[in-house]
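Asker: The residues making up each chain are set out below.
There are 2 protein chains.
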Amino acid sequence: MKIALAQCNYHIGNFASNIEKIASGIEKARNQKVDLVVFSELAISGYPPRDFLEFDDFIQQCQDAVQTLAQQCKGIAAIIGLPTRNPNEKGKPLYNTAVFIENGEIKQHIHKSLLPNYDIFDEYRYFEPNKSFECVNLKGKNLAVTICEDLWNVQDNPLYIINPMDELISQNPEFIINIAASPFNYQQTKIRKDVLHRNAVKYALPLFYVNHVGAQTELLFDGGSLVMDAQGKTMLELAYFEEDFQVFDTDQLSNSKEISDPSREFSEIEMIHDALVMGIRNYFKKLGFSKAILGLSGGIDSAVTSALAAEALGHENVYNVLMPSRFSSDHSVDDSIGLVENLRMPHDIISIEHAFNAFEESLQPYFKGLPFNIAEENLQARTRGVLLMALSNKYGYILLNTSNKSEAAVGYGTLYGDMNGGLSVIGDVYKTQVFHLARYINRNAEIIPENIITKPPSAELRPDQKDTDSLPDYEVLDEILYQYIEQRLGPNEIVKMGFDAALVKRILKLVNTNEYKRYQTPPILRVSTKAFGMGRRMPIVAKYLS
Amino acid sequence: MKIALAQCNYHIGNFASNIEKIASGIEKARNQKVDLVVFSELAISGYPPRDFLEFDDFIQQCQDAVQTLAQQCKGIAAIIGLPTRNPNEKGKPLYNTAVFIENGEIKQHIHKSLLPNYDIFDEYRYFEPNKSFECVNLKGKNLAVTICEDLWNVQDNPLYIINPMDELISQNPEFIINIAASPFNYQQTKIRKDVLHRNAVKYALPLFYVNHVGAQTELLFDGGSLVMDAQGKTMLELAYFEEDFQVFDTDQLSNSKEISDPSREFSEIEMIHDALVMGIRNYFKKLGFSKAILGLSGGIDSAVTSALAAEALGHENVYNVLMPSRFSSDHSVDDSIGLVENLRMPHDIISIEHAFNAFEESLQPYFKGLPFNIAEENLQARTRGVLLMALSNKYGYILLNTSNKSEAAVGYGTLYGDMNGGLSVIGDVYKTQVFHLARYINRNAEIIPENIITKPPSAELRPDQKDTDSLPDYEVLDEILYQYIEQRLGPNEIVKMGFDAALVKRILKLVNTNEYKRYQTPPILRVSTKAFGMGRRMPIVAKYLS
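Taken in order, these protein sequences are the chains called A and B. In terms of numbering that gives the first Met the number 0, the first sequence opens at residue 0 and continues consecutively. In terms of numbering that gives the first Met the number 0, the second sequence opens at residue 0 and continues consecutively.
Chain A with its partners taken away, still in its complex shape:
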């Protein structure tokens, strides 16, 4: 039996495009004499469709699309994911469904049982969990078809009481098929392969896994669809971070020992890099934009963002604006020029002094001689923000935000200033990781000037300012933040790890009292297990560790 794995980059709600991708996958599979072609979870709608699922019109378009696609499956079988209506009176109105189509006809609906409802997932908001289990039969063979999380109760996941494969195995399937939309983070790829491996081994069955690929605003899907044999050995692995289509002949399973494991090994920083580049590229492409604008400060955050954008969009499509002030150091402009020259990117230098002075003059009667403080610091950042947005509006470029996760966490950024942007590229990357990214970008040649990487970080909003004036070293800061944000440890637990109690208290207070700022930041490309944004839902008006 020949099975095709179609790993596509869908566009949420873009039915014309999604139908076209699926139809061309069916056609390609038929041309290669494939028996069954498999598409990923919620392929027809894109994942996650979020509250579009509450519109009956949207659901109807999904139903119409699958009917159209079914008719194209003459002489071939297909498994396609989409939301379907729950026909029962009770329960949530929808199912998260895989339809099994054979020879032009929808033969079976398989509904998802285990509905993730944590972090970035809201599936229980929309979907009723499935409670009945039946294998799909194709040419006399039983296939255990499951949807993403359905395989994630393999090792007594406390969240779930049932385990779909434990039910399906009684029907003696010959393969496991899993269609997924498994969002990337730099720890997830390994964990996911391990879960799939344990399923193959536990049930002693070959496994076909078809994942989403591409970015859906902040959520990144890394692909990496695969085939494992009944011992959990990887037989075939599809591309990461790009579309792919591969056909696997199940005859190969009989001599799997002779096939060498094709698994690609990634370093953590390589994964983050590739994910961010895909995230930028897809954001622009799917919104119909081609050009980015950003402010280049001379610091490492904007330099890394600019280099990633150049890789994603093409160097000629990244417009770098240098906006020095009286507090900018000499090297700020020189270092930035070095970067734009290395990458042959367009740039301009626009001083903020004229507009900043005008603001100071306009405000002078109302500031009543009060000393220079955060107001004037923010005023500089906001003047820059206005200049960038004016150019963005004039030319139709999308402004990229250059804030890193460390400063977003402690609130070291100016709302309506440097926190502006349509997309935050490195807002889920801690400052210490930003340095690793810079080194990775320079792995073959010096793209980011060395001085940008080695000089002490500074916001340059007052004379001789350094980040370390008010923050601990980033190695210490990032570790405390990681324990609090990713690991959700409390202050006592973090102090027990050896950190100073007063410092921990101060940092956690900064995180919690700056929730109001993060509420208004752009969507952040998610590369960690806990990114700011849809997966971290905090009250603003609260008093906890604050």
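Keep in mind that the hints were calculated from the coordinates and are not lab data. These figures come from a predicted structure and were not determined experimentally. Hints are not guaranteed to be accurate.
Copies of one chain are not kept apart here, so a pair can be met inside one copy or by any two copies together.
Within a straight-line C-alpha distance of at most 20 Å, the following computed SDA-like cross-link-like pairs (lysine to any residue) qualify [unchecked claim]: (1) K542 / R280; (2) K495 / F54; (3) K89 / Y123; (4) K91 / I160; (5) K367 / D347; (6) K91 / Y123; (7) K27 / N102; (8) K91 / F57; (9) K290 / F366; (10) K508 / L286; (11) K542 / F54.
Using the hints, position chain B against chain A.
Answerer: For chain B alone, kept in the frame of chain A given last:
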């Protein structure tokens, strides 16, 4: 038996304050020889604690608090809501619990069964649903204790399969007690009373209902705790939009016919008004701020926002900044002055011309002679935004956002300009409702100058601009928006209601393509069944009706 209803305004994560409020309620009840004092859902943590629930430290503080409070219940019983740990290996890690305390001892844990997971609710993200049912016994009487949504399956709610009261009724309770955190919207108060009425009637039992009151960032809780007799007649009703504490002697139930129904009747606009005033007041108080700043344009949105703020914070605490430009009409400043004089609010007039000109001059070489367009329009709004934020930073005032729901929906607002603010006051109020609010504010005297209400709305960002240049009349626009946003109708269904097909298509496209703007707006006080913010979760990068 004497039962006290303690309707308190809790502060999320502020254990010291919440414990103090509960302890003083217990003390007050004991002084009045009360048998049982009832506090609302998740009283100890505040509602909704959101992802603080994922911190074990936070849960431990809740457990410590309830132990402290239990010891204060000598000679009295209490019911108090808090999150508790699920001791079972399987399921979500927490329960949403009401503890029953009697004479200093925690006697029973009652867990919530029906967990709302729609709109602004995420309870299934944290809590395991309860599946076992037992009445509380107090002095020989069985009490059916339920938590909020537990009573909402009275009329075959399709979302839920079980109905806790159907289970508890077999134990012959004498009363129903429900502790709640039921977020306000202008349709909810009536619906909620109807649901409570139907429970009392269906089970032929008196009902004690204790609700949250106060604002938790965008969520508003209206209070209105009550006692109904076994026929569903309201015997006692607590205050709306403020704290209250009342004792009810169950002996009164025997002659309920002699007690006149104390229910307060509200008009829709009165409810919205009172809710918004509470929302502003609580936002400032709980964050520890006293003064607001806002930009007064001469239009109705900022005028209504300013008047509401004056009522919430005191007229002396609302700093109004008038920022005219070359495009401002003569009446803009005069009308604004009329308002600030009527309410005796501080104000200043700061022209944007100086800073705006400086931006134009700085940008002139880069704008390359391109015509005046959205870039220059936004530049004016952003110059105003920068001035307001500079004053906000200098003086520690919170900036109030003045956008209405109609313009937020279609994206008629400038990011980092007039969309700035710590809190959006009328962002869930359609323009047509803003006019009603203005009339309501003027019900006893002209506070908002008549000309502000009657002149045609304009952004005044280019010569002779009017909102109707590019939008339909607000009566038409708001009705289309309501059908799409609140009712979730699709384009075909809205057109069938009699609206022009091309107009409907254009409006829905504006709504969907402006999701990126709303992603970065401040939290919006929620008064409708579907507000922008946490209860409406939309993809940004999508192509549906867009």
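Asker: Does each hint fit the structure? Answer for all of them.
Answerer: For each hint, the structure was consulted:
1. K542 / R280: between (39 Å within a copy, 17 Å between copies)
2. K495 / F54: For K495 and F54, the Cα distance is within 20 Å only across copies (16 Å; inside one copy 50 Å).
3. K89 / Y123: Close inside one copy (14 Å) and across copies (18 Å); limit 20 Å.
4. K91 / I160: both (19 Å within a copy, 10 Å between copies)
5. K367 / D347: Result: close only across copies, 13 Å inter versus 35 Å intra.
6. K91 / Y123: Both. Shortest intra-copy (8 Å) and inter-copy (13 Å) distances satisfy the 20 Å Cα cut-off.
7. K27 / N102: within (16 Å within a copy, 74 Å between copies)
8. K91 / F57: within (16 Å within a copy, 31 Å between copies)
9. K290 / F366: between (39 Å within a copy, 16 Å between copies)
10. K508 / L286: So K508 and L286 pass the 20 Å test across copies only (14 Å; inside, 37 Å).
11. K542 / F54: between (37 Å within a copy, 14 Å between copies)
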